[in-house]
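Please work from the sequences and hints to get the whole structure.
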Amino acid sequence: TFLLLLVSSLLLWEKAASVPQCHTEVGGCWDPLVETFNSAINRVKTIQDVAEEMHQEFIELMMKRYQNVLRARLRCHSNATIHPDGIVNTNIKTKKYLKQVIHLMGAWRRPLYHFVIELSAMKNVPESIISKAKSIEENNRELLDDLRWILTKAFPTAQIKEKDPVWDYLPSMKSNDRMNKFLAMFNLSFCLRTDILYTVGHLRTLKCQITGKDC
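The sequence shown runs -18 to -1, 1 to 197 under mature numbering (1 follows the signal peptide of the UniProt record, and there is no 0).
Treat the hints as calculated values from the structure; they're not laboratory data.
DSBU-like mimics (lysine-lysine), calculated; alpha carbons at most 30 Å apart, straight line:
hint, residue 1, residue 2
1, K27, K116
2, K145, K78
3, K27, K77
4, K156, K105
5, K195, K27
6, K195, K78
7, K143, K195
So the derived label-pair ranges between C-beta atoms look like this:
hint, residue 1, residue 2, range
8, E17, N106, 39 to 47 Å
9, P14, K75, 19 to 27 Å
10, S113, D159, 19 to 27 Å
11, A103, A140, 35 to 43 Å
12, I41, P138, 39 to 47 Å
13, K105, T76, 41 to 49 Å
14, D159, L179, 27 to 35 Å
15, K27, A140, 22 to 30 Å
Even for Gly, the Cβ is constructed at its ideal location relative to N, Cα and C.
Shown next, in the form of structure tokens:
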């Protein structure tokens, strides 16, 4: 009888251990993949809200001053990445879809890094814009960490080569000409706002495909 109980207990333990996605906690089951997707979606929402506010501030600062603002709204460096089209994309394999979202948000690492540095060094820049820039840069870094973690957990053998596209406005961002700097910053705020607009939908679709939750 003792031997049967021991074997039965071992079988139950082995069955429970074979489901690593779900950790038993007080109040139910905790799924790391679901929670990381929720974290990523919340970060994207934060970036979306702050980017919209920041873009509106740049519009107020620039639209009345510079005629070449229109050009800055038409050239987004992230277009050079292989990224998802539209709000959602269910016609490609999940792993490829996730990689495309990583490439899209990864395209913003360097521009946001230089954005924060240059903006912080400028005089008479509204503190509200500096604060928004820092928030966006930090959330984007943490978002990428979440997405890379999801990729390794959902597809353990997957590999990804992240290559940053060239940002044409980087020289303008680093220049001593204040107008050029602001034009580069306006380009960044507009293009980031455009890219992030669809990212929440992409992540919700991926969450459904990978975890089966919130479909």
